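When you get a sec, could you build the whole thing from the sequences and use the hints?
2 protein chains.
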Amino acid sequence: MQAANPYQIGLDKTPANHVSLSPLTFLERAATVYPNTISVIHGDQRFTWQETYARCRRLASALQQRGIGKGDTVAVMLPNIPAMVECHFGIPMTGAVLNTLNTRLDAEAIAFMLKHGEAKVLITDREFSDTIAGALKLLEQPPLVIDVDDVVYTGSGKCLGEIEYEAFIATGDANFAWGMPADEWEAIALNYTSGTTGNPKGVVYHHRGAYLNAVCNILEWGMPRHAVYLWTLPMFHCNGWCFPWTMAANVGTNVCLRRIDARAIFDLIKEHKVTHYCAAPIVHNLLINAPADCKEGIEHGVNCLVAGAAPPSSVIEGMEKLGFNITHVYGLTETYGPASVCAKHPEWDNLTLADRTEKNGRQGVRYSMQDGMTVMDPNTMTEVPHDGETMGEIMFRGNLVMKGYLKNPDATNESLAGGWFHTGDLAVIQPDGYIKIKDRSKDVIISGGENISSIEVEDVLCRYPGVITAAVVALPDPKWGEVPCAFVELAEGLEGNEQAVIEYCREHLARFKVPKQIHFGPIPKTSTGKIQKFLLRQQVKSASAIE
Amino acid sequence: MQAANPYQIGLDKTPANHVSLSPLTFLERAATVYPNTISVIHGDQRFTWQETYARCRRLASALQQRGIGKGDTVAVMLPNIPAMVECHFGIPMTGAVLNTLNTRLDAEAIAFMLKHGEAKVLITDREFSDTIAGALKLLEQPPLVIDVDDVVYTGSGKCLGEIEYEAFIATGDANFAWGMPADEWEAIALNYTSGTTGNPKGVVYHHRGAYLNAVCNILEWGMPRHAVYLWTLPMFHCNGWCFPWTMAANVGTNVCLRRIDARAIFDLIKEHKVTHYCAAPIVHNLLINAPADCKEGIEHGVNCLVAGAAPPSSVIEGMEKLGFNITHVYGLTETYGPASVCAKHPEWDNLTLADRTEKNGRQGVRYSMQDGMTVMDPNTMTEVPHDGETMGEIMFRGNLVMKGYLKNPDATNESLAGGWFHTGDLAVIQPDGYIKIKDRSKDVIISGGENISSIEVEDVLCRYPGVITAAVVALPDPKWGEVPCAFVELAEGLEGNEQAVIEYCREHLARFKVPKQIHFGPIPKTSTGKIQKFLLRQQVKSASAIE
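So the sequences go chain by chain: A and B. If you're matching positions, the first sequence starts at 1 in this note's numbering and goes up one per residue. If you're matching positions, the second sequence starts at 1 in this note's numbering and goes up one per residue.
It is possible that part of the hints are untrue.
One copy or two, either will do: identical chains are not told apart, so a pair holds if it fits within one copy or between any two.
The list that follows gives simulated cross-link-like pairs (lysine-lysine, DSBU-like), each with its CA atoms no further than 30 angstroms apart [unchecked claim]:
id, residue 1, residue 2
1, 479, 541
2, 516, 530
3, 359, 321
4, 270, 344
5, 70, 13
6, 442, 479
7, 344, 273
8, 541, 270
9, 541, 359
10, 13, 442
11, 359, 273
12, 530, 407
Worth flagging that the hints you see were computed from the coordinates, not collected in a lab. It should be emphasised that the depicted structure is a prediction, and the values quoted were computed from it without experimental measurement.
Written out as structure tokens, the structure is:
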């Protein structure tokens, strides 16, 4: 008989030594320790952490009075404004789940999400009233609608619901006694994937993961306390990579931004001495290509995170030239946003800009608080060799992986099969253990039996002068099976020269990877800026069918 | 009937999305992401994170070969040397519990701990062989003894066991497949309280708390990555406030130090550009009073944490004058070391040194990852008003509170009663919500019905020129019940002047708080530097009995 383990006797969890991990706790601390520190800046509006906490409690209290509680969904259709920050706390304070809706979606997609997520309340900004009105018409049981009539917003749109947000929260109690979740595994947020095809899936986050990712953002960025954070990244996108919660833990300042505009961004950076922001490659590109006078007069250090399946290395190079300290992160909606980081090494500072960019442009290594990240053969679930050549699928494991997909056990089980979350992204592991993405599995082009990474070709195209975006898809070919076909979007006013671009590719790519066709023109994107390759493929297919 | 909560259906924990929180994971990441970064410096020795990881795995493997596993205790009697860092990982990697022994204890106390903790293995440094030999003689079933014969140590002492540490870990596998704890509530460490009276209690830490406190140290300190950390704080003391794990998460460098010596400390700070260290007030005092030439030539920023129930404000003032950035933290063995911090406010920089010292010298507010800290009437369990006057007991709640006391359910239940950990420290809450300690509950002096904080009086005494340590206890008094009686330790070569000191106290204290007697001479301290007031009280009592 084995002796009893003395460390497991009389040492159970009690309310004194075990509390759920929840990012809500950071707000309470910010408000009590730094009550007068500015929490949110929006136009001429200023809130302190004490005020933000009181407003969140009012929101929670008002929602509870309307019967909202544990397991209910509250959807929001909001730009990056103070109400959006407040919803990240006030809604979970009731036990309910925050469902941020992508403001660029159409009525049908919104209606699908409201119905699938069973939203009981919808908080929506006047700017989106046309879309929302359309969506509500499609629902048999529309939610309670609360309108945000943002003082900073002067554009069109009307109030649709029965009460305005300020009036609504005024019905709540600023001293509302909210509680921590009884179990940290309880859901805190619901985020629908933008998915390039098919119905979106509802990714469910829990309090534990939101808490850990919020803290890990600070660790990976080496973020000092009281940062000034500019909201260039939509908060509806993976809960702004958990940064609403990060900023409460950091006791920093949220600088709101309703619309992406290069001049506005630079002006806010200068006015508020913004120290940190996150953005997709497309936003960084905007900043790089902004008029020179915008960029002048920034004396303080600015740190930025960039993520995307494949940020062209030109973005990293461009931001470095701008003097911003850029760090590359990688993740998916299913991993609370970034769950890996291209952790920098001091010795890279001695490399040439091009070599450093190559190093810094990789997907990198697991976040410190994620348990595992690797590249595996998805059939055998064995790790690929660290040779920089053998492709496999990127897999994550750990506390920064979603609970699963709402009401979709098949998709949940499939995505979490074998003890790892399957990203669908193809990559290699380089000899230093850093992961470099090659492609989405469905985007690989197979030409004469050889795999061609569409990302590699796109990266070369993006370095051609004047190219804003590039997308490469497979063109059916009788001899090779498939060959690369490129779509290229140029800066305004420029005209494309197919032969010159092909010649440029020949200089920088193996022969078989060079696109056989170049199409110039606008490239279709999803509402989150992802290129819709399936549309390009359809275009290519119908064209080749006609031929 | 209530509708089912859709967020709780088909969204269970899986190996892909739920992993135990354990600080062991930080070591693996440091070693794989930054294999060549220096992990440990000890004299002329240098280890990289890759090497430290391999050594920890060898240690774990070698222990496992000796039958060590889940729930077993491995005790260590080690100074701050590389082996001590390694024990913080290698021992828990087997599922066993690390029991660090206070190297200043005597044989009897060590024997008590080895017996109570049921240590199966003892890893001990040659320096302590006399004490350990004595302790082993007191045991019926002595543990397996492994000697560390540290190359840096040239003093006396002999090897007692059957194998030396280097030879022992050489029997282990550098690729040992260790596992994370199945449950993050599993014990990781056992720390005996030094207690000023009675048998020590065995405080049990779990992986979850060690992980969270390790991370929280980084948050509270605003610690940048790759810090250089000097080991002035004993690792045997609350596992060095969890900093062995913090430094792995930080991918920083541990600078070892076998013995406290002011010149050695300043030399290491200069040689290795030490950025961070922690220490008790007594160590800081040593540095403040060190010869001027020691202090010259430090050009880089040095950050330090100081903790102790009552660091005299003179320490904070002295360190500031030295140009070091000092932060005051507070906690107990039961809270993994510090669990509160006197979080600074930028506007305090504009105060006078004395006012800023007053602000910075408080126990402050909860650590960001601790759930609660307050001051309550222990009878009614209600919070005292934030008036800076009403005394109550400091209470903590959250994930940075121990599992409990090993094999001591009564003490565990008592200390965690009412959902809060009772510290036994008396304090007030100031109007800004910051907590300021007044005394240990048993150290308060009640004079004519008025409470006198011994700490307040000691603080004044410590500001008198030449005073190194001061301790104030109650002297029985026929008229007032009790009056303050002071014990004062002066710098070497100085002689005490009772009237002058009493006069000084009159200038700085209310009349009834002024000590009626001043005794000059050495003050008895525990092995961790805590003043043994019970001995002083005995001295006072027997003296007054004789009178």
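A quick look at each hint next to the structure:
1. Proximity of residue 479 and residue 541 under a CA criterion of 30 angstroms is satisfied intra-copy only: 16 angstroms inside one chain copy versus 103 angstroms between copies.
2. Within a single copy, residue 516 and residue 530 get their C-alpha atoms as close as 23 angstroms, which meets the 30 angstroms cut-off; across copies the closest is 79 angstroms, which misses it.
3. When the C-alpha separation of residue 359 and residue 321 is checked against a cutoff of 30 angstroms, the pair qualifies only within one copy, where the shortest distance is 16 angstroms, while the shortest distance between copies is 43 angstroms.
4. In this homomeric assembly, residue 270 and residue 344 come within 30 angstroms of each other (Cα to Cα) both inside a single copy, at 27 angstroms, and across copies, at 26 angstroms.
5. With identical chains, the CA atoms of residue 70 and residue 13 are at most 30 angstroms apart both within one copy (23 angstroms) and between copies (19 angstroms).
6. Taking identical chains as interchangeable, the C-alpha atoms of residue 442 and residue 479 lie at most 30 angstroms apart only when both belong to the same chain, with a minimum of 21 angstroms there against 90 angstroms between chains.
7. Taking the closest pair of Cα atoms, residue 344 and residue 273 come within 30 angstroms of each other both inside a single copy (24 angstroms) and across two copies (21 angstroms).
8. In this assembly of identical chains, the alpha carbons of residue 541 and residue 270 never lie at most 30 angstroms apart, being 48 angstroms within a copy and 68 angstroms across copies at closest.
9. Proximity of residue 541 and residue 359 under a CA criterion of 30 angstroms is satisfied in neither setting, with 36 angstroms inside one chain copy and 72 angstroms between copies.
10. Taking the shortest alpha-carbon separations for residue 13 and residue 442, only the inter-copy value of 29 angstroms comes in at or below 30 angstroms, while the best intra-copy value is 47 angstroms.
11. With identical chains, the CA atoms of residue 359 and residue 273 are at most 30 angstroms apart both within one copy (29 angstroms) and between copies (28 angstroms).
12. With identical chains, the CA atoms of residue 530 and residue 407 are at most 30 angstroms apart within one copy only, with a shortest distance of 25 angstroms there and 58 angstroms across copies.
Violation of the numbered hints given earlier is confined to hints 8, 9; the remaining hints are satisfied by the structure.
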